[in-house]
Amino acid sequence: MRKPPALLKALGIVAALAALIPVGYLFFRLGAGSEKAIEELFRSRTIELLFNTTLLVVSVTLTALVIGFLQAWLTTRTNLGFGALFAVLATLPLAIPSYVMAFSFTATFPSISGFWPSWLVLSLATSPYVFLAVSAALVRTDASSEEVARTLGLTKWQVLVRVTWPQVRPAATASSLLVALYTLSEFGAIAILRFDTFTRAIYNAYRLSFDRTAAAALAVVLVLLTLVVIWFERRYRGDYLSISPASQKRVRISLGKARPLAVTGLLFIAVVAVGIPLYSLVNWSIIGSSTADLSQILEALLGSVSLAVLAGVAITVFALAIALWIVRYPTKLGRFVELSVWANHALPAIVVALALIFLGANLFPWLYQTTALLIFAFLILFLPNALGTMTTPIAQVPKSLEDVANSLGVKGNRSIFKVVLPIAAPGILAGAALVALTVLKELPATLLLRPTGTETLAVRLWSATEELAFSQAAPYALLLVVLGGLPALALNRQARKALSEVGK
Amino acid sequence: MFKSFATLLALVSALTLSSCTSGEPNPNASETLQQKDSLVLYSGRSEELVQPLIEMFEQESGITVEVRYAGSAELAAQLLEEGENSPADVFFSQDAGALGAVSKAGLFSTIPSELTSQVDKQYSATDGSWVGVSGRARILVYNTAKVSDLPVSVFDLAKPEWKNRIAIAPTNASFQSFVTAMRVVEGEAATTSWLEAMKSNAVIFEKNDAILNAVEQGVVDAGLINHYYWFAKAKEIGKDKMKSKLAAFESNDLGNLVNVAGAGIISDNSASRAFVDFLLSNKAQTFFAEQTAEYPLVAGIDIVEGLTPLTDVRNPKVDLSDLDTLDETLELIRAAGLI
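Chains as they are written, first to last, in the numbering used here: chain G, 1 to 504; chain W, 1001 to 1339.
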């Protein structure tokens, strides 16, 4: 087996060390008050938080998996009709920050709170992750084995479970991992809908009692939970099947009498996940006398876009290095790098931000409150998002193609640049778009780490709602959703690309 | 894999530990004051509100101000992490609790008494580490169509007739300051039984404005908020469209607690002092009274129409410096199952 290029290793190790900073910071805080930390952990409330958090993570992950998988299967493999439209509708919730979605729900139905609305909002906000990953996998896998299975007498349902599911399982579980960790770390929506999880307790410990030891104790539990989730994902992921892009004409599965039901279901999900938030945002804009000034909006727009692009590029470079390393040169060190990158993905952004504040202000004052440190924080926070999206397309490039390239005179690892990256490029771009989109929506870390004076749409949105002027907040929220819609639509197009190439 | 992970963790935390140096105490004392023509302000009060004020100050003083806006609690957490190496000169906080946390960590310089003396003592830190700038009163907001018998005391809300009718925001700093005051004045037992009654009577919200909206929409009959939220909403949609009214409790009732937004000096220099002085000037005090309907804390400034004067607010006698014991309050609120 070939050795991984030194550059890949160097980038991977830097990313792994970066990822360990927040965890190191937590242990430092715990060390400063271990007695109090232990006291904090052995309270009945911790058990309650553990129960609530587990309940929410499991239910949201399963729901998003079911919704996302069905949306993907219906829009790519069946005679549903309006497949392209429904695919766009299934992707769009990705553009709506979950705190905006939660807020629009409470604005429309003021009395809702607790577990059920939290479950609903997070399931709808995260199902696009599953939808996109599974769509891409479905479009790229060969449908002929399904047809063979059908001719051998299996029912539609049996084909779905026994033939289709194994093909998309790695994509489905990898995206479910993103969903689970997203739910673990979610604060905004949970706070608005008032459901107590570890993340909300951590924020409260910082913001209400300025108790950094208690916050650290709870955050360490969150890291342990993350490791459990990752372990589950590893266990059930299955193997990546490298595949050649399907080139034959597809036969669409007839839904028969279930078709109206499927259409109604998808429409209903779209109304709740996209319709209500948009209706509510437009409504705010109309009700209030919007006084937002254009130059401010442009400044925020520019800030958001430049941060998203910078972070998108930086994170993509690191994610590519790690993805290539673990897929093409599987080593123990590579697996460890991947694990450490994922391990703190469920940490609330405030923990990562405070760790970097502590380090930056006291050790690297020349880096503190610079764009560079903010991008570094985004790298720690969102590298897993990119990794989750890019690993599959890279793994799907047949190894044999590289061997062919080598036999034709492309030397050693250069086949990565000549063969692997060009073929996987659409998937890599999709990952970059996803990261840019996530950075657009990010608030807590941006607020704490941005260079003084830097504005983003999310920061403006926050600042307007702090002053209670929802009418002023609405244009920023709308713009954020519209701007987020661009990478979201690009992602969707990407996922369905092969489908349009093959034709209907 | 997990074993090597643990090893690296230990390594990283060891690195972090060894590289953390505790800062030296500020060697300013009675030496001549450092002259500066620029200022870094950490503002827990919003940009919409503060920015016009900053521009006034810059014009007047010729001092350039760089403002960092975030939530007061987040900024306090940030200041605590930054420690002695904070780039901030002044911290302008939305509430006394965040100021108390920074003060406890010993990060504030004492503000000169010619500045603090402009504000009634009950609205500043007793040790002079921070000064109150504007005040807000806790108050009852009620939907006029749903409430006819107003409660006399905040303790009346514990009675069964208020079941599911009163809205509170237990995670909100203002509510917690009020419960802290109750704990300090009435004791733990009385506070606990009030909180337990709230567990069955109250509808829980995250923020004051959510309470006000719910009362306006008639989702809940009444709620405990800060007075200026009502005036802000009235300004946004028009006073005549408001479906709710404000009501104070009886004299000296804890439900009338007056809390403050205030400022503390992190780095003592001419610019920091000039800024705090400006916040207490007639211009700035009038600005707060007009823009936010808050109470100016320096005497002789007009307040917004329809607002009871601060001297007539029958607020309980509570030392705001005692309100930084949020930990113990949180314990009570948690024990009652409200957060």
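Rather than coming from a laboratory, the hints here were simulated on the basis of the structure.
Treat the hints with care, since some could be wrong.
Using C-beta positions, here's what the derived DEER-type ranges look like [as the list claims (entries may be wrong)]:
| hint | chain 1 | residue 1 | chain 2 | residue 2 | range |
| --- | --- | --- | --- | --- | --- |
| 1 | W | Lys-1121 | G | Glu-35 | 50 to 60 Å |
| 2 | W | Ala-1145 | G | Leu-50 | 49 to 59 Å |
| 3 | W | Lys-1121 | G | Glu-39 | 34 to 44 Å |
| 4 | G | Ile-47 | W | Gln-1035 | 49 to 59 Å |
| 5 | G | Ile-47 | W | Lys-1241 | 45 to 55 Å |
Ideal Cβ positions, reconstructed from N, Cα and C, are used throughout, including at glycine.
Results for each hint:
1. Lys-1121(W) <-> Glu-35(G): 50 to 60 Å: 37 Å, violated
2. Ala-1145(W) <-> Leu-50(G): 49 to 59 Å: 43 Å Cβ-Cβ, so the 49 to 59 Å window is violated.
3. Lys-1121(W) <-> Glu-39(G): 34 to 44 Å: With Cβ atoms ~37 Å apart, the hint holds.
4. Ile-47(G) <-> Gln-1035(W): 49 to 59 Å: 57 Å, holds
5. Ile-47(G) <-> Lys-1241(W): 45 to 55 Å: 47 Å, holds
Taken one by one, the earlier hints fail for this structure at numbers 1, 2, listed in ascending order.
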